[in-house]
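Participant: Here's the letter readout for the chains.
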Amino acid sequence: MADPRDPKDPNHPQPPVTPAPTDLSQQFMVEEEIEEHRDKGVYTDSSDIQVGHGKVPKFLKFVYAALAFWGLYYALAASPINDRHEASPTAAPTAEAGADVFSASCAGCHNVTAERKIGPGLLGVHERLGDQGLDDVLHKGRPDKGMPAPPSLNLNESQIQSLKLYLTSLKK
Amino acid sequence: MSQRAVKGVPTHIPKGSTTVKIFFYFSIFYLLASMILGLIVSLKSVNPEFLTGNRFLQEYFTYGRLRPTHTNTALVGWLTTVNFGVLFYGVPALCKTGLWSEKLGLITAILWNVNYIGGAVSLLAGYQTGVEYAELPLLFDIGVVICVVLTFWNLFQTTRYRKERVLYVSMWYWLGSLLNLAIVYIVGNIPVEWIGSGSTQMGYYYFYLHNIVGLWFTVVGVGTIYYLLPKMVQRPIYSHKLSLIGFWMIIAFYSWNGPHHLVNGPIPLWLMKAGIIPSLLLLIPVWSVLANVIGTMKGVWFKVSQQIGLKFLITGALFYGLACIQGPFQALMGPHAILHFTYWTVGHAHMPLFGGFSMVAFSAIYYILPRITYRHIYSQTLMNLHYWLSVLGFLIFGFAMWTAGIIQGFEWMDGKQLGSGFLQVMESLHIFLISRAVGGSLMFLGQIAFAWNIYRSAKAGQVVTADDPILVSR
Chain A
1 MADPRDPKDP NHPQPPVTPA PTDLSQQFMV EEEIEEHRDK GVYTDSSDIQ VGHGKVPKFL
61 KFVYAALAFW GLYYALAASP INDRHEASPT AAPTAEAGAD VFSASCAGCH NVTAERKIGP
121 GLLGVHERLG DQGLDDVLHK GRPDKGMPAP PSLNLNESQI QSLKLYLTSL KK
Chain B
173 MSQRAVKGVP THIPKGSTTV KIFFYFSIFY LLASMILGLI VSLKSVNPEF LTGNRFLQEY
233 FTYGRLRPTH TNTALVGWLT TVNFGVLFYG VPALCKTGLW SEKLGLITAI LWNVNYIGGA
293 VSLLAGYQTG VEYAELPLLF DIGVVICVVL TFWNLFQTTR YRKERVLYVS MWYWLGSLLN
353 LAIVYIVGNI PVEWIGSGST QMGYYYFYLH NIVGLWFTVV GVGTIYYLLP KMVQRPIYSH
413 KLSLIGFWMI IAFYSWNGPH HLVNGPIPLW LMKAGIIPSL LLLIPVWSVL ANVIGTMKGV
473 WFKVSQQIGL KFLITGALFY GLACIQGPFQ ALMGPHAILH FTYWTVGHAH MPLFGGFSMV
533 AFSAIYYILP RITYRHIYSQ TLMNLHYWLS VLGFLIFGFA MWTAGIIQGF EWMDGKQLGS
593 GFLQVMESLH IFLISRAVGG SLMFLGQIAF AWNIYRSAKA GQVVTADDPI LVSR
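Going down the list, the protein sequences come from chains A and B.
10 is the number that my numbering gives to position 10 of the first sequence; each next residue is one higher, with no gaps.
646 is the number that my numbering gives to position 474 of the second sequence; each next residue is one higher, with no gaps.
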């Protein structure tokens, strides 16, 4: 019993042949695609390879012109983006954003409870330090006790304000 | 030799074919070596404990030694070597003459390989300049430049004594690309003591880093596309004018592209703009070349399904086009601020080099090898396997890196660029690193199929007969 899937079987259905070339393939270029040329012929021959005189497509001409205009505009009008933060609009400071910043940058040393970790626990920190005191620590750190200044950890002003809102919300 | 014994095959073997063979065979060795190194690096980023079992591994199999050897073996080892092979075959073929000096060709080929293998060993031993893509120490840089000059001289003399008056498009691209390579390589490898450090140094080095791709691999690869396409589809090239626009615009705009790597960095605004605007204007040469490819293919697209070599070539052209849409977009200040320093770059760098011009080079090897060994390619099935594993592997690799890069960029922007947030992002990207290793493994399997196929072709491929069409068309 012959296996119906055996490709060597003469009765095996042959895979369909690739469809015959279309009419277009018999004709290299239609009239309107060909440019007038000095050599009168359609192609020049070099190294046994023929090169046609097809026109530059309209779409490409449009692209060339658009890019030229854009280039001029950009050369005159563009201004720099200073860092990653300015590439996206910065949101107004919120306590929620501050919680994220806390877990990313502070939670290594501080608990949100009263319990000490590497640094002191931060429950009720706003009452302890006062508004000005908290602000100072958030900008300058505590160099004498080994706490780095948050700006040196790449936190921007908006993130620091969010952090302050979050810490203020930690009340006893 | 066995070729002379072949019945019906002309005893006159085109001059220069031994040089071409040396370049091709060594390039395939470098390809495999480079991919193994890349795979080890990707596995190490999935599991950092991988290959750290003893002192020797800890010293020699670190990221800092493997990664530069991977990139250099891919760029200088594989792609440059294979392109030299294509040039040593293609330039005499288009000039309808033999290579000017076979002896000089052989000397170049041997010197080139000795030089690069020495360079790769020194990279693994830790002797590096520390500049990305240009890690080779000065001694080996000088060797590279000497070989490029010897190659250029040999091919220039071949062109001078040619038997064909008109120079075909590929000839402009090919000879131009060699000049570019010499200039770019010299500028990129000037020792730091001579040019000063800081952003000036980076200005020099990014000129090299971008243009080794833009002015060498692209230019030589587009020349190869122009050479192979009309041969494979038996059609004239669509438009002479488009090929002129493409060639001169590539030369005019590509050399400006270095500073777009330093956008948003410590360089003047005018320099950023001088890098960004030409990056966008690159769409002109790229789309002109692609329009020419599409114009030539019009009505004969069905041939892609019949010839695997053509499938490689068209896929290469397609990935080249896609890479050059991605590139200009990345160069703009906004996207750059998000995507710079992320995994996205890794995906982008592999697209023109592997997806684009390696595909073109595979196509060239499959086309040229039967014409210099007088043996047909051993297995079409293996060719097809090579194609699909390479393409699928690359797509998995590429999309994993692009997605990971976008996530990374936006998360960092959200303030997760350090501390535990950074660790969270890193952990969440682990799955993409695994996908990269899977894609990379597929790519590597494809290249094993390729190397085995080429080995079998050279040993046991079907011998061409006297009436074979490949004997008529070089």
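There could be a bad hint or two in this list.
Beyond 10 Å from chain B on every Cβ pair, some chain A residues (computed) [stated by the list, open to error]:
#1 Glu35
#2 Gly54
#3 Lys55
#4 Ala78
#5 Thr94
#6 Glu96
#7 Ala104
#8 Glu127
#9 Lys140
#10 Lys145
#11 Gly146
#12 Met147
#13 Ala149
#14 Leu153
Which bits of chain A does chain B cover? Going by a derived footprint, with three or more residues having C-beta under 8 Å, they are [claimed, not checked]:
#15 59 to 67
#16 112 to 121
#17 131 to 137
These are calculated hints, taken from the structure and not from any lab test.
Backbone N, C-alpha and C define an ideal beta-carbon position, used for all residues, glycine too.
Participant: Next step is simple, just say for each hint if it's right about the structure.
Facilitator: A quick look at each hint next to the structure:
1. Non-interface status of glutamate 35 of chain A relative to chain B is broken: a Cβ of that chain comes within 10 Å, the nearest being about 7 Å off.
2. With a least CB separation of 4 Å from chain B, glycine 54 of chain A falls inside the 10 Å interface cut-off, contrary to its annotation.
3. The non-interface label for lysine 55 of chain A is inconsistent with chain B: the shortest C-beta to C-beta separation is roughly 7 Å, within 10 Å.
4. Chain B draws alanine 78 of chain A into its interface by the beta-carbon criterion, the shortest separation being 6 Å against a cut-off of 10 Å.
5. Distance to chain B confirms threonine 94 of chain A as a non-interface residue, since its nearest Cβ pair spans about 13 Å, more than 10 Å.
6. Remark: the non-interface label on glutamate 96 of chain A is consistent with the geometry, its nearest Cβ contact in chain B lying 12 Å away (cut-off 10 Å).
7. The beta carbon of alanine 104 of chain A is not kept farther than 10 Å from every beta carbon of chain B, the shortest such distance being approximately 3 Å.
8. The beta carbon of glutamate 127 of chain A sits about 26 Å from the closest Cβ of chain B, which is more than 10 Å, so the claim that it is off the interface holds.
9. Every Cβ of chain B is farther than 10 Å from the Cβ of lysine 140 of chain A; the closest lies at roughly 19 Å, confirming the non-interface assignment.
10. The Cβ of lysine 145 of chain A lies farther than 10 Å from every Cβ of chain B, with a closest approach of about 19 Å, so its non-interface assignment holds.
11. Every CB of chain B lies more than 10 Å from the CB of glycine 146 of chain A, the least distance being 16 Å, so the non-interface label holds.
12. At roughly 14 Å, the least C-beta separation between methionine 147 of chain A and chain B is larger than 10 Å, which holds for a residue marked as non-interface.
13. At roughly 14 Å from the closest C-beta of chain B, the C-beta of alanine 149 of chain A stays outside 10 Å, upholding its exclusion from the interface.
14. Its closest Cβ contact with chain B, about 6 Å, brings leucine 153 of chain A to no more than 10 Å, contrary to its assignment away from the interface.
15. Coverage of the stretch 59 to 67 of chain A by chain B holds in this model, with 4 residues showing a Cβ closer than 8 Å to a Cβ of that chain against a need of three.
16. With 0 residues carrying a beta carbon less than 8 Å from a beta carbon of chain B, the stretch 112 to 121 of chain A misses the three-residue requirement, and the given coverage is violated.
17. Counting residues of the stretch 131 to 137 of chain A whose CB lies closer than 8 Å to any CB of chain B gives 0, which falls below the minimum of 3, so the coverage claim is violated.
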